[in-house]
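Colleague: The chain contents come next:
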Amino acid sequence: MTGSRAQSNPKFFVPPCEVIALCHCVRIWWIGCWVVVASMAIGTASASCDEPVEDEELARRAIAILHQRCASCHGETEQEGELRVDSAEHLLRGGRRGPMFTRDNNNQEAATSLLIASVDGSHAELSMPPENPLPSEEIETLRRWTRSGAVWPTSPAQNPTLMSGASPEANQHFRFHDVWQREDHPLRRSFNDARWEHWAWQPRNPITPPPVQNAAWIMNPIDQFLLADWERQGLELAADLDRRKWLRRLTFDLIGLPPTPFEMDEFLADPSEQAYSKQIERLLAHPGYGQHWARMWLDTVRYSDSNGFDWDEFRPQAWRYRDYVIAAFQNDMPFDQFVREQLAGDEMLAGPPETIEQQQGLIATGYLRMGPHDNAAGLFNEQARSRDELLTDLVETTGSAFLGLTLSCCRCHDHKTDALLQADHYRLRAFFAGVEFAEDLPINLATEHLEIEQQRKTLQAEIERLEKSDTPESDETKTKITELKSRMPGFTYAVLMRDQAIVAATHVLAQGDYRRPLQIVEPGFPVMWNPYDATTASVVRPGSSGRRTALADWIVHPENPLTARVIVNRLWQNYFGRGLVATPNDFGVTGEPPSHPELLDWLANELIAANWSLKHIQRLIVGSHAYQQQAAAVGAKGQFHGSPFRELKRLTAEQLRDAVLAVSAKLLPHAGGAPIWPPLPPEALQANPALLDDNETKTKGWYPSPAEQQPVRSIYLIQKRTVPLPLMETFDLPDNSVSCGCRQQSLVAPQALTLLNGDLIETASVALADRVASLTNPDDQISELYRWTLQRAPTHQEMTTCQRFIREHGLVNLARVFLNVNEFMFLD
Amino acid sequence: MPTCDFVSAANEHSSGLAQRRRFLQSLGMGGFGGLVAQVLSGEWGRSPAYGCERSANLQIQNGGILDVDNPLAAKSPDFPAKIRSVIFLFLVGGPSQIDTFDYKPLLKDLHGKPVPELFKNNLSGSKYANVFHGCKDELMASPYQWQQHGQSGMWVSELFPHLSKHVDDLCFIHSLQAESNNHAPASYQLHTGDVRAGKASLGSWVTYGLGSENEDLPGYVVLFDAGPLGGSSNYHNGFLPPAYQPTRLRDQGPAVLDLLPPERFQNGQRAGLDLINELNRQHQAERPGFTQLDARMATYELAYRMQSAGVEIGQFQDEPAHVHTSYGLDHEDARTRSFARKCLLARRLVQRGVRFVQLYDMPDKDGWDAHNKLPDNHTPRARWTDQPMAALVNDLKQSGLLDSTLVICASEFGRTPMMQDHQGRQHNAAGFTIWLAGGGIKPGFRLGSTDEIGLMATERPVPFPDLHATILHLLGLDYEKLFFEVNGRLERLTGVAGSAKPIQEILA
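First to last, the sequence lines map onto chains P and L. So for the first sequence, this note's numbering puts the first residue at 177; every next one is plus one. So for the second sequence, this note's numbering puts the first residue at 315; every next one is plus one.
Source of the hints: derived by calculation from the structure; they are not laboratory data. Don't take every hint at face value.
Estimated spans, in silico, between C-beta atoms of each pair [as the list claims (entries may be wrong)]:
(1) L:GLY603 / P:ASP956: 29 to 39 Å
(2) P:GLU307 / L:LYS441: 27 to 37 Å
(3) L:PRO475 / P:GLU859: 26 to 36 Å
(4) L:ASP735 / P:THR531: 44 to 54 Å
(5) L:ASP735 / P:SER248: 45 to 55 Å
(6) L:ASP451 / P:THR668: 44 to 54 Å
(7) L:GLY603 / P:PRO447: 30 to 40 Å
(8) P:ILE315 / L:ASP451: 25 to 35 Å
(9) P:GLU612 / L:HIS447: 54 to 64 Å
(10) L:LEU432 / P:PRO858: 44 to 54 Å
(11) L:LYS441 / P:GLU859: 37 to 47 Å
List time: in silico BS3-like cross-link candidates among lysine-lysine, alpha-carbon distance up to 25 Å [what the hints assert, rightly or not]:
(12) P:LYS454 / P:LYS421
(13) P:LYS874 / L:LYS679
(14) P:LYS633 / P:LYS644
(15) L:LYS396 / L:LYS795
(16) P:LYS842 / P:LYS421
(17) P:LYS874 / L:LYS687
Ideal Cβ placement from N, Cα and C applies to all residues, glycine included.
Using the sequences plus the hints, can you model the full thing?
Modeller: Written out as structure tokens, the structure is:
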């Protein structure tokens, strides 16, 4: 399976570098641009890929001038004098007064041209633009441009919405049929290859699970897809796990913790046919489920409790978004609703939320705020950079998280491998163009809201009355005023986003540089599916553009080929260690192709059919026979056994810490709310000098929580951007500046040092020893240690070894050993 | 550009060996040196199945010869290297070039006067227009005395009496430019090539490309009291595998956090390790073929060995008395002593084959960020750093290590000639000075210049990517071939655009 997949991996058919470089340059100049300049441009393509050649830059500037200064009267909507200036063809054809310029045989411009004459004052009748003559440097730019051949280097970004106006199919076009037949489709013009045939862009079709020989083995359709593949390859099946190991695997996978000895005993003693499914249902309903699974999503959306950059200020309300995600998983919120709320929860409300659900929807827009934010940019007049970073982050994260699309390449140029134009990046950016931070937007329920307003008004009136009284300066009055102020009820806030009343235009940016705006684009979906402008949604929120709602609706449209595939793949990956698509944030051409495309599509279809229930998919996965199998080992034929597990899974940083706390009876059952700040060693506390520059308003500091609050689930620990917690970082907590679709795992010596010598293990070893110390017999103590940490009984030989160890080094030392062994650290 | 990389990778990819390598690479195995290769020899190849296939290009990198079994194993460079190690001295906060190494006598005449239109126009017509933001339109001459030094006649202000004795070993670039005028973004760019957080730092790139020559010590070390502005995103491994993350060492006591067992476990440490090993072996016997189990066992043995290496590295008492004195280990100022310990530690690390030492001068919350009363800021800071830096250069030279080591001293930007507040200076990303010394660098040389008031680089402006390209080049790495695939994009330290070039003029 893996071998053939690897061989067919298109990544390795990438041509040599020079070829890529050449192709790309040629494409910038030629494909998608105007035939008239093609032959010349090929001849000049020699610079390296992304370096702007001077001529191209000149052309971009000239075209920008034409767009800004002339196109309102001589463009798409109006053609005064029958002239358009928005393409080289139109200029060459000209208007009533004839061509704006001509080209000789060598594509060299004639010395004079109507274009230049009409703007530089040399024409007898024309003086354009009529009211605001061009500044001399702009005239000079146009003159240089026409003299050098008036190259119109239309990368498609220059003219992305060839199909101007709204799409006849509104926003619901995901197939290629009609427009793709047109030679003038922007993508056809741009990419002289078949990259739109890539599997991930294709619609999903209904899938029937394939037939298998060994039908008795099948527990649900997932097994059919896998077994059919293994039977085709002639693979032996890997054996099933025993019950103990299965429950250990399942419990860690569903709630991120090991099973307790009592849970294990109950399961082992359950003779019923439903024994397995009872455990699955118990764990899916367990409060640990949301706490464990939310982490996957928080990685994906680069969750952080702080801003990052110099000051890395604490975001005291970010936890509301974290708790929203936990609750969404716990309650199995339909995934389409989850997406909609995160992208546009605010647009669903006309005013203050009426219900808790609506309030949650508002909090969900914290998604839009989770990226890094340079709060100091304004001090150095770099707000434009900061704004650009915000919008770039939103496009890239939304692409990665919901769609598995890599949109960073096409920020600067057309995508080199995927069917994505530079314009696509900015058409998607336009959906977010209206966003602004909504720090002052209360989340209180409408009833509460009214009440608070009333109270504030009453108190305010009373204060004003006192201030205007005869004795405003008397101690008595002052005391009274202070007292009244202290009773002033406040609103509750969260980290939110909303739209500004006026949405700024979105420009394509030359080379992705915010200082070099090119032409304006409207919101639009990737051109490969829909080259028209998007229709913005009409939303109930006054003043909101409806753009993000339109985007959300498109993302969760049942025909969107990506969304459902991407999320079921994330689920699969978290169980089996590797996704059906091994690159969960990249479903494009450079990503890995799916190992089982039909299974992926079947799961995606199943998700939508089940009203986007993630628990439904997870129930199928853990209820499959495949999920009961051992990790693959090599069989008699020198091949792997058939099993979706290739390796033993190492515990994640969170699973490790939570398991250590759980087995040592320290873990607090429940939490939520503001994050818990662990105490840090002084050296870690200095990891950002901002920590030394704290005060009440800056919130740059480190504020350790009381000791008794510390042992919470790891998801509730503070997650600053510039000060990672040493323990979590050592065990591969990813950087939270960008979306992480899949954690890289390391096995490094500092991990051993942490688990041998660190505080966590020392405290836990003492507590774990305490837990079993009440048993007077050392054999019982040892057995109990095994039951808690490894969920099994010791072998005879292990018993003897451990007895000797206790005699020489004591129970605490032995407890430490159990928190270090591979059997504790890996799942079968 | 050799085209065979892709071809060899394609061929190798389908082999069992490559699959095993990809698997191991996805584990990011190795830590301080890994040791995994020997443990695994004779293992049957396995398919990639663990962690994500974020990249399959470790084979591509270095023409397919990279030993991914052991990511930190020392690797051959692409072409003969000039240097083996790098010590990056980072003076956090933006020291003023016009008060240290960039002599501008004209400022004396213009002191207290507005900025002449010529300079102002040049700046406002550039992308550095915002450098003016927050400043007074009033120039301020350097409050320090200047003198020429050495054979090269380098101008150095009185702030650096020790370092000025070694100017003939240093190479100054007076025309660096950063892409942001704010600390964190500019600092991120100097470390990672991007003003945004989340990319891989220079030290991670270098250890990714070359591994480390000492298995008992980390290949990439960071040293500081309070760290750079913008925190760990500066020196993070970013998207590179965790094997290339930095290790922060202390300059006093045990070098690494959790290096030694707490008192309770001290006596049972070896016995505990033996029992862990024994139980691990039994566990593994029932699970043959899972290499990650071997790998994790190896990390425990390595951790044990590190306990001695990690203590030894900080044993400054092994150094002769004159070394203590020259660095300033016995200086009357505690902050000088602290920086001296870091500089000496850097030398000891490099001597033991550590690849990259990132050393910050940041004893407090401000660093060199002198928005107000510049002399109150710069004078003591120069006192804390001057003697140790000079001793480091001299010590490396005397011991011959300077030939194989690059020392760089830089900051995220410089400062304006315009006054801010009272005798302060604003950030200046438009032109500032750094110095380099060591193998492959022209000694006693200066490149580029700012305008006559030190406001903006006018001659030979140098962007950070060119500096990065130069460092990789000296290490024998082809900076175009050193990349890592992230979401289908080939990320490079020098940027995806491919426009960076080594600074040829300063290469010896």
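Colleague: Each hint: holds or not?
Modeller: Now for the hints, and whether the structure bears them out:
1. At roughly 35 Å, the beta-carbon separation of GLY603 of chain L and ASP956 of chain P lies within the given 29 to 39 Å, and the hint holds.
2. For the pair GLU307 of chain P and LYS441 of chain L, the beta carbons lie near 31 Å from each other, so the given range of 27 to 37 Å is met.
3. Between PRO475 of chain L and GLU859 of chain P the beta carbon distance is about 31 Å. The supplied range of 26 to 36 Å therefore holds.
4. Taken as a hint, the range 44 to 54 Å holds for the pair ASP735 of chain L and THR531 of chain P, whose Cβ atoms sit roughly 52 Å apart.
5. Checked against the hint of 45 to 55 Å, the C-beta distance between ASP735 of chain L and SER248 of chain P comes to roughly 46 Å, which is consistent with it.
6. One distance hint, 44 to 54 Å for the beta-carbon pair ASP451 of chain L and THR668 of chain P, holds here, with the actual separation near 46 Å.
7. One distance hint, 30 to 40 Å for the beta-carbon pair GLY603 of chain L and PRO447 of chain P, holds here, with the actual separation near 34 Å.
8. Take ILE315 of chain P and ASP451 of chain L: their Cβ atoms lie about 32 Å apart, and the range 25 to 35 Å holds.
9. Between GLU612 of chain P and HIS447 of chain L the CB atoms are about 23 Å apart, so this pair departs from the stated range of 54 to 64 Å.
10. Range check, LEU432 of chain L to PRO858 of chain P: about 51 Å between beta-carbon atoms, so the 44 to 54 Å window is met.
11. Under the hint 37 to 47 Å, the C-beta atoms of LYS441 of chain L and GLU859 of chain P, about 38 Å apart, fit the expected range.
12. Of the pairs offered as hints, the one joining LYS454 of chain P and LYS421 of chain P holds, with about 16 Å between alpha carbons and a cut-off of 25 Å not exceeded.
13. Between LYS874 of chain P and LYS679 of chain L the CA atoms are separated by roughly 14 Å; this keeps the pair inside 25 Å, and the hint holds.
14. In summary, the hint linking LYS633 of chain P to LYS644 of chain P is supported, as the alpha carbons are separated by about 16 Å, within the 25 Å threshold.
15. For the proposed pair LYS396 of chain L and LYS795 of chain L, the alpha carbon gap of about 18 Å is at most 25 Å, so the pair holds.
16. For the hint pairing LYS842 of chain P with LYS421 of chain P, the CA-to-CA distance comes to about 24 Å; that is within 25 Å, so the pair holds.
17. Under the criterion of a C-alpha separation no larger than 25 Å, the hint pairing LYS874 of chain P with LYS687 of chain L is consistent with the structure, at around 23 Å.
Hint 9 alone, counting from the list given before, is not met by this structure.
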